[in-house]
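> Protein chains in written order, with our numbering: chain A, 207 to 286; chain B, 0 to 350.
Keep in mind that the hints were calculated from the coordinates and are not lab data.
Each residue gets a CB set at the ideal place from its N, CA and C atoms; glycine is no exception.
Be careful, since some hints might not be right.
Facing chain A, a subset of chain B residues (Cβ under 10 angstroms, in silico) [said to hold, decoys possible]:
| no. | residue |
| --- | --- |
| 1 | S14 |
| 2 | E16 |
| 3 | G18 |
| 4 | S322 |
Some residues of chain A that are not near chain B, with every Cβ distance over 12 angstroms (derived) [what the hints assert, rightly or not]:
| no. | residue |
| --- | --- |
| 5 | S241 |
| 6 | E243 |
| 7 | D264 |
To list a few chain B residues with every Cβ distance to chain A over 12 angstroms, as calculated [said to hold, decoys possible]:
| no. | residue |
| --- | --- |
| 8 | M141 |
| 9 | H266 |
| 10 | R294 |
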Amino acid sequence: MSGVPARRSMLSGDRVNRIHWIPGTDQLRAVCHCSAERDFEDPVQLWEWLLSHPDGHDTPPPTVRDVAPSSDRRQEVTIP
Amino acid sequence: MIGIPRDQWYVAAYSSEIGQELFSRTICSEPILFWRTRSGQVTAVSDRCVHRRFPLSQSPSRLVDDQVVCGYHGFTYGPDGKCTAVPGQTRIPRTARLQPYPLVEQDSLVWVFIGDPAKADAASIPRAPYLDSPGYTTVAGMEPLKARFSLLVDNLLDLSHETYLHGGYIGTPEVAATPITTEVDEDAGVVHVSRHMDDAECPPFYAKSTGLQGRISRWQDIEYTPPCLYKLHSRIAPVGSVPNPDGSDPDAFHVEVVYAITPETEHSTHDFWAVARDFALDDQEVSDFLAENNRTVVLQDVTALEILERVVATEPEGYQELSINIDTGGLAARRMLKRIGAQQQSVPARS
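Here chain B stands alone, though its shape is the one from the complex:
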């Protein structure tokens, strides 16, 4: 089993989820409390009062002037986690501090660093600029997944499953039938899987959103930066159309499908998904269609992966698998995750 890599950045939430009220989410088995201060900064601290471990996100805990007051005994903490008041005495114990988490808010995502804060390098966070670019319109969501994060990595690195699991939505026969090229940059920590279908059936997901009918050129270029961010650069165009030498691509429709694969626990995952498009920017019908259909596709994966989790969780370690050509990218991702885990201590399993 691939453990949860520590000393890594993970997406904890969409920016839009965190306002001036208490918000809690468990990331890599660590319960974290978030709120946005009146100045607009997002905070991230442990969601457990240091006194008796009461969850600070739980009522009657509350926010008062950018400070969180524990609903059990009144311990009060500032946005940096420092305790500012304890009940019945003036001396505040030196150790009365909530663990703060390094946090970066960019590309409409809230990232937290799980591990040794001294190792948190914000520059290493992979980017997804289209998620809040004026040149794109984005729909997004998050589905809870009761399965280990590595099963979702396997799923997303091998899109041949679209043909079988997502037929009628994004799957067509050509996806499973088209050879892939896999590249792994060991230094940059990137796995790239490319599948270019030059004459393919247009699935309903793209036919209804782009208006293209009949056969299409469909390119799928996966860019995965383990452990968390997965990007699928999807290019849909009339058959025979290719980008111009200068990089412009006026005849094509571009869809950037972004997943943030964030472990909640060893056996559950936050499945963040977003679909950003560079066409029909103001068309609400297209937005509604893509949101509903992509969520349906994600839920098809969730159903399958939760079944798979129940199966593999009961199997002894080292169960036999069979890998074939379509798994080349998934094997590359697994190997990189294991390498990251070997370099950095893995999160211990919690019951």
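With the rest of the complex left out, here is chain A:
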């Protein structure tokens, strides 16, 4: 995901939804108060997703699959 350089936060409550217009793009990044994030091109769909919390907001953080050299088992590593 592309970075959002100017992530200003004006409101500080516990249940604040944030929408950043990603500079240089037509993309909007929705950040739910539960920390889930998703990019959209349509603000209506964006709001539908934000309001559906918690449905669809439990996506795990990005992962890479790594094959452990000492085992045949595939190991899932979470990117910090």
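Here the structure of chain A is known, so what remains is to put chain B in place on it, guided by the hints.
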């Protein structure tokens, strides 16, 4: 259509509008009578005599010693709405009372609560302290708008329209071209839309009032507390200037633009506007300039929104709209208004 939310505080007037004479204004389809008593308190009661519904604000109704006397049959009411005299008999009917409205006067605004008085919590009224702060000079006005209040909310939450509708006054190309950040605090009931233009053309509205020429840093931070109070924190500064870590901001000019968006009826709105500045405090020319120019800008909106009202009023419910990135804040406000309306019963439409 977004109905008028009940159980809410609305700005009914500027403090300066209400003196020791009868004053009437319809708020959320309810005609309300105001006056200031000799002790300085503002009253708010129904503007209809309980007898035959004659408007108490209409001549020959009159104020006599802090009591209003109906000009039709002489029913007389005190500031609390209780009837104190009826014609031709000594018994005053128990139900002879004008409905009183919870009222709070603060920040040079008169707020009334529309809905169940038991739910009126004065602490929930949003503040605009600069409107009567000695550190600011304020110009203000109110324009009648023949359009539903939600159209004005849409208008004010998306300032990209400044570029097109208000060019030559407050609009420059950068307003529409600069991305926004939107935040919604569900618990506090606040929508915040931020647009920071770090290198922008200075529009005449700010060039002539601040004296800044050429390119500027222009920040617009909208703080909307549905349904009524809208604040635009406007910061104008030389390019490259930012506030100090301690919050001081000596190189910048600050303008607090305040709107109170008060429904008159389902299809008309009281468009209260105020511009408070922290510079040139005693300069009458700057005051006159800002007052005239902001009123012009407001009237440009009024003209556009009245056209829009006539269009949407004739369209079937559920007409198709298209929303894009600039509408993110407006969509947030609409959603919050609908949520408020769903929680509290909406004012029924009156013909």
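> All the hints need checking, so say for each whether the structure fits it.
Evaluation of the provided hints:
1. At about 29 angstroms, the closest approach between the beta carbon of S14/B and any beta carbon in chain A exceeds 10 angstroms, and the interface hint on this residue is violated.
2. For E16/B, the suggested interface contact is broken, since its CB lies about 33 angstroms from the closest CB of chain A, more than 10 angstroms.
3. Given hint, G18/B at the interface with chain A, is violated; its Cβ is 39 angstroms from that chain's nearest Cβ, farther than 10 angstroms.
4. Evaluation of the S322/B hint against chain A yields a held restraint, the C-beta minimum of about 5 angstroms falling below 10 angstroms.
5. Non-interface call for S241/A relative to chain B: holds, since the shortest CB-CB distance, roughly 14 angstroms, exceeds 12 angstroms.
6. No beta-carbon of chain B is positioned within 12 angstroms of the beta-carbon of E243/A; the least distance is around 14 angstroms.
7. At roughly 19 angstroms, the least C-beta separation between D264/A and chain B is larger than 12 angstroms, which holds for a residue marked as non-interface.
8. For M141/B, the shortest C-beta to C-beta distance to chain A comes to about 28 angstroms, beyond the 12 angstroms cut-off, and the non-interface label holds.
9. The claim that H266/B lies off the interface holds: its Cβ sits roughly 26 angstroms from the closest Cβ of chain A, which is beyond the 12 angstroms cut-off.
10. Listed as outside the interface, R294/B is consistent with that label: its C-beta sits roughly 29 angstroms from the nearest C-beta of chain A, beyond the 12 angstroms cut-off.
Of the numbered hints listed earlier, those contradicted by the structure are 1, 2, 3.
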